[in-house]
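**Student:** Please take these sequences and the hints and turn them into a complete structure.
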Amino acid sequence: MRFSKMMSLLSLAGFLTILATKPAMAADDVIRIGAPLALTGALADEGKKQQVAYAMWLKRVNAAGGINVGGKKMKVEIIAVDYQTDEKRAQQIAEKLITQDKVDFLTAPFGSGHTKVVAGVAERYGVPVMASVASSESVFNQGYKFLFGTLSPNGGITENMAKMFVKVMPNVKKIAILGREDVFPKSMANEMKASAERAGLQVVYNETYPVGMLDHATALSKIKASSPDWIYISGYTQDLVLARKQMSDLKITAPIITMITGPSYQEFITALGPVADGVTSASWWHHSALYKSNDVFGSTQEFYKEFVAQNKSDPDYVNASAAAALITLQKAIEKAGTIDKAKVRDALAATDIMTFYGPIKFGPNGMNQGRELPIVQVQKGKVVPLFPDVIKQGSLQAIK
Amino acid sequence: MQAYIQVLTNGLMLGALYACIAVGFSLVWGVLNIINMMHGSLIILGGYLTFFGWFHLKINPLIMLLIVPPFLFLFGYVLQYVMINRVIARPVLATLTLTFGLDMILYNFMNVVFEATPRRITMDFGSFSFYDVVLPGDRLLAMVLAFALTGILYWVMRTSRIGRAIVAVRMDKDAAALMGIPINRVYAVTFAISAMMAGVCGVLMAVTFPVTTNISGLLLGKAFAVCVIGGLGSVPGALVGGLALGLIESLSGNWWGPQNAVLTGSVLMIILLMTRPTGLLGKAGYE
Amino acid sequence: MNSLRYGLLWFIPLAILLALAPFISNNYIVQQATFVCMYAALALSWNFIGGYTGYPSFSTSAFVGFGAYAGALLQNAGMPMVLAWVFATIFTGIFAACLGFAILRMKGHYFAIGSISIVEIVRLIAASWSSLTGGGEGLNLPIFRGGPEHAGMVFLYSFLVLMLLAVITTVIVDRSRLGFGLRCIEQNEDAADMVGVNVNASKISAFVLSAIFCGTAGAISASWVSYISPPDAFSIVMTLKVPVMAMLGGAGTIFGPVLGALVFVGIEQSVLSRFLDYNQAILGLIIVFLIFFLPGGLLRISLFQKLKQRITKPSTPEVKS
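Residue numbers (numbering that gives the first Met the number 0), protein chains in the order written: chain A, 0 to 399; chain B, 0 to 286; chain C, 0 to 320.
Take these hints with a grain of salt, some might be off.
[As the list claims (entries may be wrong)] One-sided and incomplete, this derived list gives chain C residues near chain A with beta-carbon spacing under 7 Å:
1) PRO21
2) PHE22
3) ASN25
4) ASN26
5) TYR27
6) GLN30
7) LEU123
8) SER130
9) GLU136
10) GLY137
11) PRO147
12) VAL224
13) SER228
14) ASP231
15) ALA280
Don't read these hints as lab results, they were simulated from the structure. Where a beta carbon is used, it is the ideal one built from N, C-alpha and C, also for glycine.
**Tutor:** Below is the structure:
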């Protein structure tokens, strides 16, 4: 065959292959939820947490016959796709889920950055998207109408911590802040600085470290030199594990050591052993909460029990928030009585419910209204909630 | 003053680790003329194997030092003979891309089998103090081991037949061939040694850092920098380069803040590439 | 030249097909077509410095990211979108020229390493210069108004035009003295110098050419996604994928990069949907396959070469293939 003809046929064939992938599914009695997840790449760990939680919710919902849509029960299908922690892929997959797979609703992946991307796509198509792990205001200030997040804004956490710690330990006067140069940790560091200053503390150190830092010794040595009473570090699990360990090696300590969000995850405690003791943190949820709710789980206890039985480890706020996001969607569908996207969107905006994860009520920007977020401390290898009073199980202990 | 000594000490300990990361990479680049993009992942592989040996089988990591590196030696030997040898003569674009492709496969495999959760061996090695300068036990141990093993490698290269053959090939491949040195075997052994040192580094890292596939690219980047600074293909070069990089990062982090520590190292590397690509100890070699 | 005509024989239908995508299929296919155009433009850019000149550059992402940030900052300052793209391109070109003076004196391995390090350095700078770039938090861009179909078309055609511009530039360079000079440099730089080729000027020109389309692509992408952040804008994976695409199709040829981009995106798509967990491994295998069995790229497979010879010289005695 002539060379050029072969080439044009090849390119045509290539194109037709792309065209031929998966014709849209026709089943009408199923509610389809698209879930772009980071199953590989830098956020793979976190993506799996969401996946596990979604699966738990799905099982219960379908076991009950599905979601009640205006009198008819419709089963739910979750279409999970790996976007490899790649921003362009996230956008691509969100589009694909909407246009090819014809999903009715979307979930957002872990992290503020990629949530923004997915939300942008959803907004263009008018598809409601449930964000379970995005808490930075900058994600929700774009004027998106179809984005709803179950995590409360970052600012609330640092305010509560500053107020409480200063009250319980009035000798704490100086704080050192070290943040990771990345969407969420940077935001947490900024919020802490603002809250600390409002609480009358002196910020003696305030720097960031780049993504990919293998050694915190220099920054920590400088922190030591400024003799703070409170050391606050933000980052992802591996950064925090490393930092805490190096602090211990270099004999750097302070009465209060706070890390966001390390101690909220089991792997932090496992990786550090006894050195993890005394570290405080704040989270959006703790499994010892005593919420009772009218959702597929019924209570925090129920969720906790099932999770532990299935996964042999404690659930963290990512798991809970992810499941709660889908519960909220379910409730909105039930209330709207239809899966019409615009109507469900309106029902979501008017949400005011109690779930096993806690109360969910969205503010005008789509974020779950700030409420009393748990402050925890690792004591003897276990995560102990200190605040708010309803779930308090221990008191703040100064680190010797 | 004391603070500066601490900064310097931190830098040296970090540097020893960097040297260990880079020595295998440097050998392969210098002798085989190949930029091995898999190096970072090989280190992580060593780290994961060590961790799982410790976690599931309760084997002390120091014992793993005797198991993991030989395993990686074999792995490297086979890999080189079967795959890399075929592209030895090709230009850097082909070889780099090939090792990049192989790296993707290895990386994916590790993610699927081991998962990306950061893992660390939680053994307490304590901490030592010299007049207020603190030396964490595990880093000290890692540094000592890094020096020791690199030293052994150097000695082996200088005295053993295969070691001297490697050096000969590095200096002049054709002359070495004419002298009867089996080039392909030398290549395979060099690559295997590189993989073995990556394994050693992996064991050491499992003890000092949380190990996760996410940082494999980072480690590779450090290896690049060390090679450029110290010079290619020689063990002393990797040592000097590693220590230099460690010190630079530590000092610049101290002066200009942690966010610029890594940047300084990279900028320095570019400057050296432009002015003295052979590095501090290197001889004019491969371009 | 015959190879140009034969290349056009399949390229023109392809371009038309891509342009018709919004009218013959849904938005997802349009998006795929957009990606094909984008990667084709990037691969064509790389071709100038990597294919013609033989300098293994891995700086693609540095320029894409630079263009993305330049475009984003300009748009945020109020400049209309397309104008922002144009200026982003110009700034990227200037950046490349300055960079070229510095790193084009290195060769081979050192140049490769240097070019990758540039990506890292620019990323680190973008991350720490938060007052300008928003640092780790990234930058938001104004969302492109207009429904998804409209947006899809706009960006498809933007990238399509970019790809066409890159192709035209390649053709011009290929036939010009610059192209000749670059090929000489690839063969033997010192000999080229002796023969009278202005080696420095040629190399820098090639480098700048390899950068400007990347800059535009970055700026367009930023407007498309409406959000950029350092690790996404300066992606190491992309900077390694683009040369692979060019090599897959045939580095140093006019249409090779386009073919490579098309095939690569096609494979990636079919792999992505079917093998969730093994995406990277399969792409790795493709790369390994490419290096072992397709050293010159698809357009240089000897079978095709021999057929081409047969076609172009009908009067000579038949060459048995």
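**Student:** Next, verify each hint and record whether it holds.
**Tutor:** Going through the hints against the structure:
no., hint, verdict
1, PRO21, "violated (12 Å)"
2, PHE22, "violated (13 Å)"
3, ASN25, "holds (5 Å)"
4, ASN26, "holds (4 Å)"
5, TYR27, "holds (4 Å)"
6, GLN30, "holds (5 Å)"
7, LEU123, "holds (6 Å)"
8, SER130, "violated (12 Å)"
9, GLU136, "holds (5 Å)"
10, GLY137, "holds (6 Å)"
11, PRO147, "holds (4 Å)"
12, VAL224, "holds (5 Å)"
13, SER228, "holds (5 Å)"
14, ASP231, "holds (4 Å)"
15, ALA280, "violated (10 Å)"
Checked against the numbered hints above, the structure violates hints 1, 2, 8, 15; every other hint is satisfied.
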